[in-house]
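A.B. asks: As they're listed, the protein sequences go chains S and V. Quick note: the first sequence uses the working numbering, first residue 1, plus one each step. Quick note: the second sequence uses the working numbering, first residue 1, plus one each step.
If you're looking for bench data, these hints aren't it; they were derived computationally from the structure. Keep in mind that the hints are not guaranteed to be accurate.
As the list claims (entries may be wrong) - A few chain S positions that, by computed beta-carbon distances, are all more than 10 Å from chain V:
hint: 1; residue: Leu-24
hint: 2; residue: Leu-28
hint: 3; residue: Arg-29
hint: 4; residue: Ala-31
hint: 5; residue: Leu-32
hint: 6; residue: Arg-33
hint: 7; residue: Arg-34
hint: 8; residue: Arg-35
hint: 9; residue: Leu-36
hint: 10; residue: Gly-37
Claimed, not checked - Below, in silico cross-link-like pairs of lysine to any residue (SDA-like), each with a Cα-Cα straight-line distance of 25 Å or less:
hint: 11; chain 1: V; residue 1: Lys-46; chain 2: V; residue 2: Lys-116
hint: 12; chain 1: V; residue 1: Lys-117; chain 2: V; residue 2: Leu-95
hint: 13; chain 1: V; residue 1: Lys-46; chain 2: S; residue 2: Ala-16
hint: 14; chain 1: V; residue 1: Lys-443; chain 2: V; residue 2: Ile-216
hint: 15; chain 1: V; residue 1: Lys-425; chain 2: V; residue 2: Trp-593
hint: 16; chain 1: V; residue 1: Lys-443; chain 2: V; residue 2: Leu-455
hint: 17; chain 1: V; residue 1: Lys-46; chain 2: S; residue 2: Arg-34
hint: 18; chain 1: V; residue 1: Lys-116; chain 2: V; residue 2: Gly-162
hint: 19; chain 1: V; residue 1: Lys-443; chain 2: V; residue 2: Val-238
hint: 20; chain 1: V; residue 1: Lys-116; chain 2: V; residue 2: Ala-71
hint: 21; chain 1: V; residue 1: Lys-46; chain 2: S; residue 2: Arg-33
hint: 22; chain 1: V; residue 1: Lys-46; chain 2: S; residue 2: Arg-29
All C-beta atoms, glycine included, are put in the ideal place defined by N, C-alpha and C.
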Amino acid sequence: MIQALVTYLIVALAAAWIFWSMILPVRLRAALRRRLGLRMVVCGMLDRAGGCGGCDCQDCPLRR
Amino acid sequence: MSEALAQQLCIALIGNPNCGKTALFNALTGSRQKVANYPGVTVERKEGIFETPGGRRIHVLDLPGTYSLRARSPDEAITRDTVLGQLATEAAPDLVVCVADATNLRLTLRLVLELKKVGRPIVLALNMFDIAERRGIGIDMDALSRDLGIPVVSTVAVRRNGIAALLRQIDRLAPESGSNGPGGWREPSAEQVRSAHGDAQRILDACVTVPGHPDIWTRRLDRVVLHPVAGILILLAVLFLVFQAVFVWAAPAMELIATAFDALAVAAQAWLPQGMLRSLLTDGFISGVGSVLVFLPQIMILFFFINLMEDFGYMARAAFLMDRVIGGVGLHGRAFIPLLSSFACAVPGIMATRVINNRRDRLATIMVAPLMTCSARIPVYTLLIAAFVPHRSIAGFVNLQGLVMFGLYAAGIVSAFAVTFVFRKRVWRGASEPFIMELPAYKLPDPRNVLMGVLLRARIFLRRAGTVILAMMILIWFLSTVPGAPPGATDPAINYSFAGMIGHAVQPVLAPIGFNWQIAIALIPGMAAREVAVAALGTVYAVGGGEAGALGNTLAAHWSLATALALLAWYVFAPQCAATLGVVRRETNSWRWPAIMFVYMMVLAYTAAFIVYNVTTALGG
Numbered sequence: 001m002i003q004a005l006v007t008y009l010i011v012a013l014a015a016a017w018i019f020w021s022m023i024l025p026v027r028l029r030a031a032l033r034r035r036l037g038l039r040m041v042v043c044g045m046l047d048r049a050g051g052c053g054g055c056d057c058q059d060c061p062l063r064r
Numbered sequence: 001m002s003e004a005l006a007q008q009l010c011i012a013l014i015g016n017p018n019c020g021k022t023a024l025f026n027a028l029t030g031s032r033q034k035v036a037n038y039p040g041v042t043v044e045r046k047e048g049i050f051e052t053p054g055g056r057r058i059h060v061l062d063l064p065g066t067y068s069l070r071a072r073s074p075d076e077a078i079t080r081d082t083v084l085g086q087l088a089t090e091a092a093p094d095l096v097v098c099v100a101d102a103t104n105l106r107l108t109l110r111l112v113l114e115l116k117k118v119g120r121p122i123v124l125a126l127n128m129f130d131i132a133e134r135r136g137i138g139i140d141m142d143a144l145s146r147d148l149g150i151p152v153v154s155t156v157a158v159r160r161n162g163i164a165a166l167l168r169q170i171d172r173l174a175p176e177s178g179s180n181g182p183g184g185w186r187e188p189s190a191e192q193v194r195s196a197h198g199d200a201q202r203i204l205d206a207c208v209t210v211p212g213h214p215d216i217w218t219r220r221l222d223r224v225v226l227h228p229v230a231g232i233l234i235l236l237a238v239l240f241l242v243f244q245a246v247f248v249w250a251a252p253a254m255e256l257i258a259t260a261f262d263a264l265a266v267a268a269q270a271w272l273p274q275g276m277l278r279s280l281l282t283d284g285f286i287s288g289v290g291s292v293l294v295f296l297p298q299i300m301i302l303f304f305f306i307n308l309m310e311d312f313g314y315m316a317r318a319a320f321l322m323d324r325v326i327g328g329v330g331l332h333g334r335a336f337i338p339l340l341s342s343f344a345c346a347v348p349g350i351m352a353t354r355v356i357n358n359r360r361d362r363l364a365t366i367m368v369a370p371l372m373t374c375s376a377r378i379p380v381y382t383l384l385i386a387a388f389v390p391h392r393s394i395a396g397f398v399n400l401q402g403l404v405m406f407g408l409y410a411a412g413i414v415s416a417f418a419v420t421f422v423f424r425k426r427v428w429r430g431a432s433e434p435f436i437m438e439l440p441a442y443k444l445p446d447p448r449n450v451l452m453g454v455l456l457r458a459r460i461f462l463r464r465a466g467t468v469i470l471a472m473m474i475l476i477w478f479l480s481t482v483p484g485a486p487p488g489a490t491d492p493a494i495n496y497s498f499a500g501m502i503g504h505a506v507q508p509v510l511a512p513i514g515f516n517w518q519i520a521i522a523l524i525p526g527m528a529a530r531e532v533a534v535a536a537l538g539t540v541y542a543v544g545g546g547e548a549g550a551l552g553n554t555l556a557a558h559w560s561l562a563t564a565l566a567l568l569a570w571y572v573f574a575p576q577c578a579a580t581l582g583v584v585r586r587e588t589n590s591w592r593w594p595a596i597m598f599v600y601m602m603v604l605a606y607t608a609a610f611i612v613y614n615v616t617t618a619l620g621g
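Assemble the whole structure, with the sequences as input and the hints as a guide.
C.D. replies: And the structure:
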């Protein structure tokens with residue numbers, strides 16, 4: 001029972017992460033971050049520049 | 001712009017491309033910098049903050065490289081507008097630091113003469129001064145300062161030499177408060193440009209002495225390396241050797257990683273009781289992520305060679321050699337660097353096409369950049385090659401697996417040329433602009449630079465494995481496990497899962513190219529990133545009862561050679577990367593081009609896989 005609970009929790013976290021970082025459009029994500037008062041981790045200039053487009057290549061300097 | 005920012009003094013770093021401007025920016029700001037894009041355009045904007053010995057807080061901009069204020073590309077236009085104070089979102093600089101490559105001053109002097117007309121305080125930083133001294137180039141800095149009418153300092157940015165002198169000059173010249181109005185430069189006439197050339201040459205003659213036979217080794221090497229026939233043959237031989245090394249050198253490290261993951265799976269099975277969590281850990285985490293991580297040594301070796309060649313000065317030669325080839329199919333010479341970047345990842349490669357001024361040339365490059373073999377394809381290629389191509393030598397020294405890998409890279413390049421040729425004949429007719437570039441002198445590679453580049457690539461790969469791939473594998477494991485098999489079921493449980501249902505639904509479309517339903521499942525998350533497909537296969541076969549930790553053996557047992565080769569052909573062309581399509585949308589500001597790219601690449605992938613599968617089957621494979 002505990003194994004199943006932990007497993008479903010991990011799966012839910014992974015699904016939420018995929019939705020947040022890969023499916024949600026970058027502008028919407030930025031707006032939500034602002035609304036939640038979170039730091040702009042993708043890019044400090046996101047509100048002015050739009051960031052890197054939210055891609056996931058990991059090569060973008062904006063994601064470092 | 002914030003009030004705090006407005007109170008700081010603003011300086012701009014400007015200079016020719018590859019003069020060490022960014023190295024100087026890093027030396028000045030350390031980690032206090034951030035990168036973004038200029039609003040409305042995809043030109044990178046780097047800003048940082050530092051304090052001078054005089055206690056002044058300076059806001060510094062690292063502007064895109066340019067040879068002149070007469071801008072010809074979006075990057076150069078940003079530089080010009082920033083220096084002139086014409087950019088709405090950017091404060092005009094209070095002071096300009098012009099960075100010059102001390103080994104090649106002619107073009108910078110012309111830029112300095114243009115900058116003087118803007119009317120802002122200027123400091124000229126002669127960077128790479130150590131290399132100039134080693135080559136016997138004599139620069140009379142006092143005379144240069146006198147002739148130009150501006151202070152001149154020497155720097156070696158990568159070693160932080162000369163930074164103190166530069167900061168003293170900034171302290172001396174920067175106004176007490178921001179007094180930066182619009183600049184007074186105007187587009188010069190042809191006569192004025194010629195006059196500026198003459199002035200730059202006169203100052204150069206008066207202040208710089210170059211030894212009679214500069215850099216004899218560079219000239220001797222170039223005579224061979226840039227030879228129209230021998231040069232191309234050398235380039236092909238170098239690339240061939242690199243791919244041989246990727247396979248041969250990486251093998252022991254790959255075996256070590258695979259053994260470690262096997263041991264981890266055994267330990268997890270012994271430690272955890274039978275249940276969902278154990279299945280997630282062994283089939284999802286270890287089989288999925290482990291099957292991708294095993295390719296880390298190959299990626300590190302490939303980028304070791306790429307960084308080595310770049311540091312040595314060979315990459316620019318390769319661009320020069322390739323210009324004749326890519327120019328023949330209708331690509332601009334400047335396309336070489338974006339295409340080369342695409343071997344790492346198409347996203348930065350496509351972003352790098354901003355250096356191409358002509359829109360047709362730029363679009364042609366963007367459309368074929370994803371055909372270059374990016375590092376995400378390496379895990380797919382190496383998995384299938386190792387599983388289906390015999391590990392033996394041809395003629396005693398050519399590794400067959402390395403040869404196939406070389407062939408796949410070549411297939412990507414050749415198809416990119418063919419597609420460009422068709423696009424330029426059918427869609428974008430007209431001649432390309434001529435390609436002009438400077439070849440740097442050869443130099444011994446700096447081991448630190450090479451190592452840093454390899455570690456950066458490894459870090460990117462590991463981060464991907466720990467984020468995108470891990471999250472995807474958890475989801476794939478879940479879809480492959482739930483719902484479980486009904487009571488009395490005889491088939492493997494995965495057949496009744498959501499993943500099984502999706503795979504079986506998609507499989508009929510892929511049956512003509514020899515793909516089974518497990519491949520169909522793997523291709524779906526593979527849209528996020530190509531290498532995810534490998535991890536997905538690892539999870540799907542592990543959940544389905546395959547041998548954990550030895551995905552290659554499992555595939556060899558379940559697939560025909562025709563299926564494996566068809567999948568390789570598919571991966572040469574398939575547009576399996578959402579990030580690439582996203583960046584094409586952003587760079588072209590339209591959905592039309594990513595849609596065209598998706599359709600043409602998908603048609604190519606399906607056709608190639610269909611031909612390969614049916615031909616191989618007919619030949620008995």
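A.B. asks: Hint by hint, note whether the structure agrees.
C.D. replies: Each hint tested on the structure:
No Cβ of chain V approaches the Cβ of Leu-24 of chain S within 10 Å, the least distance being about 13 Å, so the stated non-interface status holds. Distance check on Leu-28 of chain S: its Cβ is at least 14 Å (rounded) from any Cβ of chain V, clearing the 10 Å threshold; non-interface status holds. Residue placement check: Arg-29 of chain S keeps its beta carbon more than 10 Å from all beta carbons of chain V (closest about 13 Å). Distance check on Ala-31 of chain S: its Cβ is at least 17 Å (rounded) from any Cβ of chain V, clearing the 10 Å threshold; non-interface status holds.
Non-interface status of Leu-32 of chain S relative to chain V is upheld: no Cβ of that chain comes within 10 Å, the nearest being about 19 Å off. With a minimum CB-CB distance of about 15 Å to chain V, Arg-33 of chain S clears the 10 Å threshold, and the non-interface call stands. The claim that Arg-34 of chain S lies off the interface holds: its Cβ sits roughly 16 Å from the closest Cβ of chain V, which is beyond the 10 Å cut-off. With a closest Cβ-Cβ approach of about 21 Å to chain V, Arg-35 of chain S is found to remain outside the 10 Å limit, as its non-interface label requires.
Residue-level check passed: Leu-36 of chain S sits 21 Å from the nearest beta carbon of chain V, beyond 10 Å. Annotated as non-interface, Gly-37 of chain S keeps its C-beta farther than 10 Å from every C-beta of chain V; the closest such distance is 18 Å. The suggested pairing of Lys-46 of chain V with Lys-116 of chain V holds, with an alpha-carbon distance near 24 Å, which does not exceed 25 Å. For a cut-off of 25 Å, the pair hint linking Lys-117 of chain V to Leu-95 of chain V stands: about 13 Å separates their Cα positions.
With a C-alpha separation of about 32 Å, the suggested pair Lys-46 of chain V and Ala-16 of chain S falls outside the 25 Å cut-off, and the hint is violated. Among the hinted pairs, Lys-443 of chain V with Ile-216 of chain V is consistent with the structure: their alpha-carbon atoms are about 12 Å apart, no more than 25 Å. Using a Cα cut-off of 25 Å, the hinted pair Lys-425 of chain V and Trp-593 of chain V holds, with the two alpha carbons roughly 17 Å apart. With a CA separation close to 22 Å, the supplied pair Lys-443 of chain V and Leu-455 of chain V stays within the 25 Å bound.
Of the supplied pair hints, the one linking Lys-46 of chain V and Arg-34 of chain S holds, its CA atoms being roughly 23 Å apart against a limit of 25 Å. Among the hinted pairs, Lys-116 of chain V with Gly-162 of chain V is consistent with the structure: their alpha-carbon atoms are about 23 Å apart, no more than 25 Å. A distance of roughly 18 Å separates the Cα atoms of Lys-443 of chain V and Val-238 of chain V; the hinted pair therefore holds under the 25 Å criterion. A C-alpha spacing of about 17 Å is found between Lys-116 of chain V and Ala-71 of chain V, which places the hinted pair at or below 25 Å, so the restraint holds.
Taking the CA atoms of Lys-46 of chain V and Arg-33 of chain S, the gap is near 23 Å; set against the 25 Å cutoff, the hint holds. Only pairs whose Cα atoms come within 25 Å are accepted, and Lys-46 of chain V paired with Arg-29 of chain S is accepted, the gap being roughly 23 Å.
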